[in-house]
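Take the given structure of chain A and dock chain B to it, following the hints.
Protein chains in written order, with our numbering: chain A, 3 to 188; chain B, 23 to 278.
If you're looking for bench data, these hints aren't it; they were derived computationally from the structure.
Note that beta-carbon positions come from the ideal geometry of N, C-alpha and C, so glycine has one too.
Facing chain B, a subset of chain A residues (Cβ under 8 Å, in silico):
#1 Pro158
#2 Gln160
#3 Ala165
#4 Pro169
#5 Leu172
#6 Leu173
#7 Phe176
#8 Leu179
Computed Cβ-Cβ distance ranges for the label pairs, DEER-style:
#9 Ser188/A with Phe110/B: 30 to 36 Å
#10 Lys186/A with Ile136/B: 20 to 26 Å
#11 Ala202/B with Ala177/A: 32 to 38 Å
#12 Trp245/B with Asp107/A: 50 to 56 Å
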Amino acid sequence: MTNAKLKLIILILGVAIMTLFSSPARASSQAVTASAPLTIQILSAQTLSGTAGDFVTVEGQLQNTSQIPVTDVTIYLSLVDLQNKLPVDLEDWSAEKGQYIGSVDPGQTLPLRWKIHFVKAGDYSIAIVADTGGNNMPLISTITHFQVSPKRNLNPGQVLPVAFGIPVLLLLLFAFLNYRQTIKHS
Amino acid sequence: MFKYIWFKEVKESLSTWKGMLWLFVSSLIFSFTSYLLLTDKELSLLDQTELLWLLSKVIIGVAILIVAIDASSIITSEFEKETAESLFITPLKLKDLLLGKLLASLTLWGQIYIVAVPYMVVTSMGSGLLWGFAGYVALLGSLGITAMVMVIFAISLLYRSSKNTLTTSLIILLALSIPAFFSSTLTNNPMAQFFGVVNPVDNIFSSLDNVLVDYHQSLLQNWNYLLPLLLFLIASAVFMFFAAKRFQKEGVIKND
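Isolated chain A, as found in the complex:
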């Protein structure tokens, strides 16, 4: 066997081994690419406005536009306070911060719905984010804006007459008892 033939055999063997070991990685890479075609849309208006304390419903849609099922889909909301340039904890804003969808079949469209409480006055942006199994990149919808105006109610639940009235009534009662006692002693 000549030296050139030996080199050729080694080269073929090397290529064969590399192909063998690199195939799972390639397959996985294909899966990542394949799982990407999910689209998320917010169907509600691009700007939602209201007063602090109001409720609004954010509606969206999740669609698998690929030919293979997308697994381990988790969706959640991302709310950002535009004035303070900070993300907002959804604790008080929504009872459902995230939803585990699981698998989305090819061509399947799923409706999404969140009930949001406007807690604090300000300008906010909200988007729906989706994490899918085996995908390093989250998917995100377009942004919808919240304009929340402050609520100014000085008498929530008609509490003001009681909150002011009872201490005043007690002061008057005490003044009366004191006055009666003074009269009695004099």
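Same frame as chain A, now just chain B:
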């Protein structure tokens, strides 16, 4: 005879600034709390049931504190003003004195409760929980405060000094209230759970939670909280009984 002591104490408290100031201060605390909680509720930060639970805790907490401070001096003042000797020269028995003073302290609790009623009405509007709210605050507050007053009376008979009685009573009250400030992680600790079962303040707050937040309003559904409270009440009565026996043995003028 106990009625004489009882009416005398109530009359004295109603005719002095001190007695009325307690009610005024408690009304200010209830006003501030209910206004704050209702504003928060408007912003949907708080469920109405949780609001009622918080207010019930404030009502009972304020009442226990005020009654404890008042009860700390109601007996010991007789020793400090040196009126105890002349009091026991009369046919008055110690049990009449204790019963009269106990009823006077419970009357103060009753007065605070009456002040709290309008706040309970306004905050529970529309929830359908008014009767459960007002009823359980009355029941749990009465059990807890009666037991606490008996403990304080026992300490008063042992110490015969307002300062020491007040300090000890406040320390006991603080020790019993501390678990109420624990986070949920700490309350899941087995030691904290055991302490919660035997602690009367914890049982009062847990029962209110059960009634107002979880809608378990029957006495049967709250029996696991009411039973430890009743046992605490019996233990307090026994403690007061032994303190009274010791007091009688030592005499009005203590021979150290």
